[in-house]
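Enquirer: These protein sequence lines map, in sequence, to chains A and B.
With this note's numbering, the residue at position 182 of the first sequence is 225, and numbering never jumps.
With this note's numbering, the residue at position 255 of the second sequence is 298, and numbering never jumps.
Among the hints, erroneous ones may be present.
Note that the list lumps identical chains together, so a pair holds whenever it fits in one copy or between two copies.
Unchecked claim - In silico lysine-lysine, DSS-like type, Cα no more than 27 Å apart, as pairs:
id: 1; residue 1: Lys-166; residue 2: Lys-188
id: 2; residue 1: Lys-88; residue 2: Lys-273
id: 3; residue 1: Lys-81; residue 2: Lys-216
id: 4; residue 1: Lys-291; residue 2: Lys-88
id: 5; residue 1: Lys-141; residue 2: Lys-166
For the record, the hints were derived by calculation from the structure and aren't laboratory data.
Protein chains: 2
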Amino acid sequence: MSSASIRKIRLDLSYDGTDFEGWQIQKEGRTVQGEIEKALKTLHKGKDITLVGSGRTDSGVHASFQVAHFESENSTVPSERFRQALNSILPRDIRIMKSREVDPSFHARYDAVMRVYRYYLIKPEDQKAHMCRYSTTSVLDLDLKKMNEMAMELTGSHDFTSFAAARDPNENKVRTIHSARFYREGPYTVFRVAGNAFLWRMVRTMVGTLLQQYENGGGPENIREILEKKDRTLAGPSARPYGLFLDKVIYGSEKALY
Amino acid sequence: MSSASIRKIRLDLSYDGTDFEGWQIQKEGRTVQGEIEKALKTLHKGKDITLVGSGRTDSGVHASFQVAHFESENSTVPSERFRQALNSILPRDIRIMKSREVDPSFHARYDAVMRVYRYYLIKPEDQKAHMCRYSTTSVLDLDLKKMNEMAMELTGSHDFTSFAAARDPNENKVRTIHSARFYREGPYTVFRVAGNAFLWRMVRTMVGTLLQQYENGGGPENIREILEKKDRTLAGPSARPYGLFLDKVIYGSEKALY
Numbered sequence: 044m045s046s047a048s049i050r051k052i053r054l055d056l057s058y059d060g061t062d063f064e065g066w067q068i069q070k071e072g073r074t075v076q077g078e079i080e081k082a083l084k085t086l087h088k089g090k091d092i093t094l095v096g097s098g099r100t101d102s103g104v105h106a107s108f109q110v111a112h113f114e115s116e117n118s119t120v121p122s123e124r125f126r127q128a129l130n131s132i133l134p135r136d137i138r139i140m141k142s143r144e145v146d147p148s149f150h151a152r153y154d155a156v157m158r159v160y161r162y163y164l165i166k167p168e169d170q171k172a173h174m175c176r177y178s179t180t181s182v183l184d185l186d187l188k189k190m191n192e193m194a195m196e197l198t199g200s201h202d203f204t205s206f207a208a209a210r211d212p213n214e215n216k217v218r219t220i221h222s223a224r225f226y227r228e229g230p231y232t233v234f235r236v237a238g239n240a241f242l243w244r245m246v247r248t249m250v251g252t253l254l255q256q257y258e259n260g261g262g263p264e265n266i267r268e269i270l271e272k273k274d275r276t277l278a279g280p281s282a283r284p285y286g287l288f289l290d291k292v293i294y295g296s297e298k299a300l301y
Numbered sequence: 044m045s046s047a048s049i050r051k052i053r054l055d056l057s058y059d060g061t062d063f064e065g066w067q068i069q070k071e072g073r074t075v076q077g078e079i080e081k082a083l084k085t086l087h088k089g090k091d092i093t094l095v096g097s098g099r100t101d102s103g104v105h106a107s108f109q110v111a112h113f114e115s116e117n118s119t120v121p122s123e124r125f126r127q128a129l130n131s132i133l134p135r136d137i138r139i140m141k142s143r144e145v146d147p148s149f150h151a152r153y154d155a156v157m158r159v160y161r162y163y164l165i166k167p168e169d170q171k172a173h174m175c176r177y178s179t180t181s182v183l184d185l186d187l188k189k190m191n192e193m194a195m196e197l198t199g200s201h202d203f204t205s206f207a208a209a210r211d212p213n214e215n216k217v218r219t220i221h222s223a224r225f226y227r228e229g230p231y232t233v234f235r236v237a238g239n240a241f242l243w244r245m246v247r248t249m250v251g252t253l254l255q256q257y258e259n260g261g262g263p264e265n266i267r268e269i270l271e272k273k274d275r276t277l278a279g280p281s282a283r284p285y286g287l288f289l290d291k292v293i294y295g296s297e298k299a300l301y
């Protein structure tokens, strides 16, 4: 078989995490990777296709922009047409926004240089029914100046052991956070964080910790201390998954744009 | 029993219509009215309570702002507290934003002087997964100037027989449309229509007809003719319910505010 019949396809996609057991395929449970691989198998005459994502997201976490790749062999579907072909098979809580052929060396995980997440908080009385899947309620009257003074402490390169789930499998827990800030958007208070990579539950633990410290009258020095101690028990609880979106994945040459 | 123990309570509420068979209670099927009446019964020691809404919405149609009233007898729940009390019992696809005691003469349906609906259209390639429940895809490249010239024909007082479902039970089909226009909002093209009242499926048939006429190169004269002929078969198909939100209900004294 000639290599000309093999194409590497990049997908830009989104999903509503509510009804998924996260991104990664499992023996049981509905997963994003599992649903897309099933659809790809249909489009490749029953051949198993492996989908590689930029990273995993947990059960309940959404993605408004996620990137993945797969190798397509002996398919007649034009590269740009995989979008429609997949969308016509996939359930509506996964939508492919774009498909295209990329260089065979492209790797959705290894080549990603930056990930951006957003976490949506809202007051209970402002949360309308159509916002419930995509935001988390908080009764706190947040002073964004104080929140951002604390969030600023998270930026830079740190060992984020205190903010990682106990079961996080990464040996090296140093990550670089480029920016971390709160802002208002309509009825929401949004936490936006951009970094080279994230540990398991890291964003949700950042949000939970910042809220807990705010409620307890803490400040930047508390965040600094939690980081330095490298002790998960000092950080706050992980915020619920529903408010979290993977919002952007950035690759080498695109970096300058963001 | 003294009448002092009876209070008329107004609810401002929202719902995600996706998993409901519409507003109105039925023998079978999950309805918004049914779910709230069940919760009210729990809060009134098993007594049946009737909830009166400003109007019905169809299966799949959402409300970001709907109004309803009920009479509360012998309850110790403070009027403003019905919001939290109901929200703690109700499923998350119904959210009460506000509860308050109103004059015993208040009637959620009869006193409403204006209803506002919004319909969200989006290009397939722009529809991310978390938008699928709340928008309808259209591949048409809409020229909003042309769309609004047609929409303008719907304003004023007309017999809307051509835009009502065949089974609409209203004898008098004259309704007054105060405004009807398209605008862009982020990735969406939104149709906003305000009127004193609406017939069954009227908004969705307006949207379906305007899109069909646009696609066929029609203009304001076609809309005028469809109205004049009072013949449902001349209008277009009803647009799908998912993109439609009841967005506002306005009462007498508030009218000047909108």
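Enquirer: With reference to the structure, classify each hint as holding or not holding.
Expert: Now the hints, each set against the structure:
When the C-alpha separation of Lys-166 and Lys-188 is checked against a cutoff of 27 Å, the pair qualifies only within one copy, where the shortest distance is 18 Å, while the shortest distance between copies is 38 Å. In this assembly of identical chains, Lys-88 and Lys-273 lie within 27 Å of each other by CA distance neither inside one copy nor across copies; the values are 50 Å within and 52 Å between. When the C-alpha separation of Lys-81 and Lys-216 is checked against a cutoff of 27 Å, the pair qualifies neither within a copy, at 34 Å, nor between copies, at 50 Å. For the identical chains of this complex, Lys-291 and Lys-88 are neighbours neither inside a copy (32 Å) nor across copies (50 Å), given an alpha-carbon limit of 27 Å.
Only between protomers do Lys-141 and Lys-166 lie at most 27 Å apart by alpha-carbon distance; the minimum there is 13 Å, versus 35 Å within a single protomer.
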